[in-house]
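Engineer: Sequence:
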Amino acid sequence: MSAAEKQRRKEEKKQRQKELEKQWDEEDKEEEEKRRKKKQKKKEKEAREKEERYKWERQEREREERERREREREEEERRQREAKPHPTWWNQSDNDEKQNDECILS
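Under this note's numbering, think of the first position of the sequence shown as 1, with each following residue one higher.
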């Protein structure tokens, strides 16, 4: 094998090695891009879930607040009803006196 042949093979080997390294670099870039996209999708999904959770929690707080206000309103109405004397209660003593007067007069 002549020196020129050896040199040519050496150059071909270098060229193949360069091409392989270039291919590997491309594959590495593609893999990195896939990882980046996957990570981005995961972040977006987490953000959506967080937003949904926040929305649900807000709705739950609002519902609890409405229920609390309704209970307070009902409790206030009940207190007001209990605070008012029954219409016949305050008239009862007058009715008893009238009945007593009628019994005495008869």
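Quick caveat, the hints were computed from the structure, so don't treat them as lab data.
Worth double-checking, as some hints may not be accurate.
[What the hints assert, rightly or not] Below, a list of computed lysine-lysine pairs in the DSBU-like style, where the Cα atoms sit at most 30 Å apart:
#, residue 1, residue 2
1, LYS45, LYS22
2, LYS37, LYS14
3, LYS45, LYS34
4, LYS22, LYS39
5, LYS50, LYS37
6, LYS29, LYS39
7, LYS29, LYS6
[Claimed, not checked] Here are the simulated distance ranges between beta carbons:
#, residue 1, residue 2, range
8, ARG16, LYS37, 23 to 33 Å
9, GLU46, ARG8, 50 to 60 Å
10, TYR54, GLN17, 24 to 34 Å
11, LYS10, GLU46, 27 to 37 Å
12, GLN23, LYS55, 32 to 42 Å
13, GLU33, ARG53, 24 to 34 Å
14, GLU30, ARG63, 27 to 37 Å
15, ARG71, GLU31, 54 to 64 Å
16, GLU21, GLU51, 37 to 47 Å
17, GLU67, GLU46, 47 to 57 Å
18, ARG58, GLU30, 52 to 62 Å
19, ARG58, GLU31, 34 to 44 Å
20, GLU65, GLU26, 31 to 41 Å
21, GLU57, ARG35, 48 to 58 Å
Since we're looking at a predicted model, the values are computed, not measured.
For glycine and all other residues, C-beta sits at the position ideal for the given N, C-alpha and C.
Engineer: Which constraints among the numbered hints does this structure fail? Numbers only, ascending.
Structural biologist: 1, 2, 7, 10, 11, 12, 14, 17, 18, 20 and 21
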